[in-house]
Structures are given as C-alpha cells and as structure tokens.
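Protein chains: 2
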Amino acid sequence: MKSTKIHEVGPRDGLQSESALVPLDVKIRWIEGLINSGIDIIQLGAFVNPKRVPQMAETEALFRYFMQPRRKPEGVTLSALVLNSKGLDRGLDVGVQMFCMGVSASETHSLKNTGMTPAEAQHEVLAMARRALLAGKRVQASVQSAFGCGYEGPIPSEAVLNLVKAYLNVGVRCISLADSAGHGIPPQVEDLFGAIRILDPAVDLACHFHNTYGLGLANSLAALKSGVSYFESSFGGLGGCPFTKVAAGNVSTEYLVHTLQRMGRRLDIDLAALIEVARQISEFFDRDLPSLILKAGSIVSFKGLPAKELQHETA
Amino acid sequence: MKSTKIHEVGPRDGLQSESALVPLDVKIRWIEGLINSGIDIIQLGAFVNPKRVPQMAETEALFRYFMQPRRKPEGVTLSALVLNSKGLDRGLDVGVQMFCMGVSASETHSLKNTGMTPAEAQHEVLAMARRALLAGKRVQASVQSAFGCGYEGPIPSEAVLNLVKAYLNVGVRCISLADSAGHGIPPQVEDLFGAIRILDPAVDLACHFHNTYGLGLANSLAALKSGVSYFESSFGGLGGCPFTKVAAGNVSTEYLVHTLQRMGRRLDIDLAALIEVARQISEFFDRDLPSLILKAGSIVSFKGLPAKELQHETA
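Those protein sequences? They're chains A and B, same order as listed.
Read left to right, the first sequence gives residues -12 to 302 (the working numbering).
Read left to right, the second sequence gives residues -12 to 302 (the working numbering).
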C-alpha cells in the first residue's frame, strides 16, 4: 500500500479564486501554519502573468522566503504551478522543488485558461516536463477537466488517457487527474485511475477534486481505493479556477485530513493546526468557509480522547 | 437489488432548524413542488410540542390539506415524525401514512431531545411502533446518533444493534440509522448496516446523514453499497436537530438525486423541479443554501443532452 500524502494547494488554487489580495506577510503566516501541521507538499503559488492573476504576483517572493536555510523542515516539499516555459524559467530561478503542470482535456477550458488548444498546451507542457526533469526537479503532470467540463459536458476517457500516455512517454512519474469543474462521480474516478494503473502499474497517482456537486470527499475516497497516493486539497475548501465554469471550492484540507485520520491514516498530521489556519483565513476574508469543521471542531478532541480511540479500523 | 427511494425530510428536519417560521401556504407550495418531482416519501412535519418546536405547529394542517382527495398521487407517501404516544394519537387522527420514530443511542442526546433516557425512550417507541403497525401504518424505526454523538463521542455498535433487535422483535420492517451529529465515515456505515443485514437479511434499511464533516454523500454512497434502499435527505441541504451538538445540514436532496442519476438510478425524478423548490427556499430565507447545485445547475442539462448520455455506467 502506498502512503497517503497531502498536497495543499490553498495558497494557489484557493487564493487565486479570491478577489481580495492577501498581503505577503499574511500568506507567510498561513504557510508557516501549514508547514507546522506536518502535511507533505505545499503549493505556494503559480508562475503566471501577474496582470492576469494578480493574486499570484508574489509567488517568487514566497519561494525566496521559504527556500532560505532553516525556514522549513526537510520533509516538506514546496511546489508551484507553471503554465508555460516562461513560468518554468521563473520557477527554476527561485528553486521550486516540484513543478505542477497540466493540460485541459477540454478545448474550451484550455483556450480560456491558457489561450492554447489542448494540442498546443500538450506540446508546451511536454517540453516543460522534459526540462524540469533534466533539472532534477519533481514533476507532476495533470489532466485538467478529466471528469467533465462546465462548458463541454462529458469528456471522453480516450482524451484523458492519451494525455496520460504522452506524459508517461517523456518520463513523468506522477500523474494527476483534476476534476476542475467538479463533475466526477466515484465509479468514474475508479475507472479512470484504474485505466492509468493498467498503463503503468508503478506510476504515482494524484487527484484534485472540486466540490461543485458535493462529491469532493466521496471522490477522494474512491481515489484512495484506486491506489491514488497524492491528494490535493485547499485550506477551508477555498478554490476554483477563474476560467472554469461552475467550479466550486476544492476539497477542504481539514475535511480530508479528518476523514483520513478517522480511517486510521496520517495520525501524525496536526489537524488542530490546520483548523487554526482555516480559522485565520475565515477571519481575513470575513466570511464562513465551505469547511464546516471550523464550526464543529475536530471530532478527535472530544473528551480529550486521543485520535487513536476515534479511528475506525478499515481494511 | 432493492430499488432506491428518496425520503424528503426537509419540511421536518430542514425547517425545524430554521428560526424563521414558514407560512402554511408557502410550505404547501414547496411540498407540491416535491410531490411533482416524483420523489417517493415526504415527511411533512413532526407531532411535537408546538411551544417547544413552533416550526412544526402546522403539521396537522399540512396532513389535512394533502390527505384530501386528488391532492397527491397514489405513489407518494406522506410521513411524519412522532416522539411519544400523544404525538402518535395526533398523527393517527389526521391520516399519516408512515410513522417515523426513533431512539437516540446517546444518553445525553436522548435526554436533550426527548426528556427521556434511551431506555425510557425505547419503551415508549416500541409501544408506539406496535400501535401504529396494528393500525395498518408503515413504520420506520431509527437509531439516532448511531454513528457518534456531539456530546458523548463514539457510540458502541452494541448499543445500536440492541435497539435494532428490539425494533425487529416488535415487527418493524424498516430500520433507519441516523447520523444525527454527522460523525459517520463510510467504512463504519458499511459495517453497521452489514451487521443489521446479518440480523435480518430481508428488512428494509434506511439512512439519514448530516454533513458536519463533509461526508454526507460519501456515507450515502456507502449505504447504497450496503443494501440501503431508503435515503433521507433535505431540500437545499437544510437541517439539524436543535438538540444535537454540532450537527450540520442534512444531505441535500438535489445533490443526492443528482448523484444517483449520474449513476444511472432514478432517472424518473425531475431534478430540475427539486432545484426549483430549493431556489424558492433560498429566496424565502434570503441566503445561499449548502447545496451548491443551485448555483451550478444540473449537470444533466448541459447542451440539452438527455440524462442518459451523462450517466456513468456502474456495476
């Protein structure tokens, strides 16, 4: 059984969907909270056009800050999203440890998000993946809109799997399927990840779900069952690509970690620290977040019982 | 395979958790919308103390209205919640078709909700179940707080199963497990329903999930897998017992029906009609509801594709 890793994308996917800009020092405080919680990978931002997505303008500054000696433990990986080779150059300059890149399987979503058709984006992304791998970086390549698109409706599995094959062919060892619009349902999740497993039984699998139709956690559990080991989620359940129709927030990190802990996994993560970060974010934006756990509190703190006594044994 | 039935509890569980009182004519309009959608069972209200729960004061009036000839199709069942024999008398007087009753497996929740210990409540409920069955009524008996309690934490499976055995012994043929506080997780759902199936392979199973920790739909899908055929849900995702700690809303009916339809089930239900009811409710309370589908729209309407083309075949 592969271990279960949490990839926090809140500083990128969460904050890019907010109109309010978060000052650098506030972002740093939240990210420090995430680091202290013990989660595995944190996506600090995206190297995109700051005029188009001003919320991501300080991505370089964040990497310069956190890549200084003693600013983070060894075990934490800092990732960034890159859309094109210019972004990759910027990321290589500031020492990004893991590059996340992707192509949308939906033509409309691809054009709105990157200005490129899926074929053009694939060409760009494969070239970037090669360069990042040659530079010794971890690379995760994703298929966006893999489970359906708000503009186009259903997406054929073949389109998804052809992209995956192209990623495998250039040596990418971590493949992510992103449900950018939130259309996925559990049996579809099991089928698509199962098909990738057949293509390459050893590749690392990652998932990225949005909650438009309430199925974010159900789909995450289906992914867990399908051998996915990297789970992308966002603090407070924030998130949503500005160029995707009807996306809702990402799966919330607190919900995801809570669920895993109730199932006996990742009891090393400090859920209370994650809830505290989400509380600060809720306070900053002055509104309730999709993640109700902020109101309910962590179930593992009842009567001071240790998490162990509240887990449910699972096969 | 048992068929999948929707039991809408919004007019009861949804509205009892709202401080604003809904006028009778408005409730009637919403319930007419639910009836027209083609769902199976609608819980019109609860026969409880109107001073304690004023939102339920017009339950008799609703039954008098809808039990008139030609006010509803044959296939729709109207249910009500009863807590004690006085409530049962009131329900029998106005022709309730299906009585829902339950005992909390949590002592604290039971005392706060009914003023009775679980043992006292069990005595009362078993007597009510016998009377309602003798009167020729459908009876559903539930174990509340079956998956954990906001006050007490974990609830031993034995407490749940002992209550179920008592229900079966008096002839109840529909057993519901209610996750009143929203603490359930999918493997626990499968275990508990599986244990009841072993006690009685033919009994009808029902589930009632709250969404406190984001797992409402994931738990519903686990219940579906475990042979549960009656699914309780609430319009717009409203709901929450006023006497349960940290409960969040119920699973939303629109989300549930959407999920089932994507999996090829219950394509006869008019999801757009359900979304329209939830829209009216959102307008009445002048706020967004937990159910994001109101904003996203039904996925089955994309480009006018019929639902059939958007379902995902499942085993």
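Honestly, the hints are just simulated from the structure, not real lab data.
Be aware that a few hints might be false.
The list treats identical chains as interchangeable, and a pair is accepted whether it falls inside one copy or across any two copies.
[Said to hold, decoys possible] Calculated lysine-lysine pairs in the DSSO-like style (CA-CA distance at most 30 Å, straight line):
(1) Lys38 with Lys282
(2) Lys152 with Lys38
(3) Lys212 with Lys124
(4) Lys152 with Lys282
(5) Lys59 with Lys124
(6) Lys124 with Lys282
Checked hints:
Within a single copy, lysine 38 and lysine 282 get their C-alpha atoms only as close as 36 Å, which misses the 30 Å cut-off; across copies the closest is 28 Å, which meets it. Taking the shortest Cα distances, lysine 152 and lysine 38 never come within 30 Å of each other, neither inside one copy (34 Å) nor across copies (65 Å). When the C-alpha separation of lysine 212 and lysine 124 is checked against a cutoff of 30 Å, the pair qualifies only within one copy, where the shortest distance is 28 Å, while the shortest distance between copies is 42 Å. In this assembly of identical chains, the alpha carbons of lysine 152 and lysine 282 never lie at most 30 Å apart, being 43 Å within a copy and 35 Å across copies at closest.
In the homo-oligomer, the alpha carbons of lysine 59 and lysine 124 lie at most 30 Å apart inside one protomer (18 Å), although the nearest pairing across protomers, at 65 Å, exceeds that limit. For a Cα distance limit of 30 Å, the shortest separation of lysine 124 from lysine 282 qualifies neither inside one copy, at 39 Å, nor across copies, at 40 Å.
When held up to the earlier numbered hints, the structure conflicts with 2, 4, 6 and fits the remainder.
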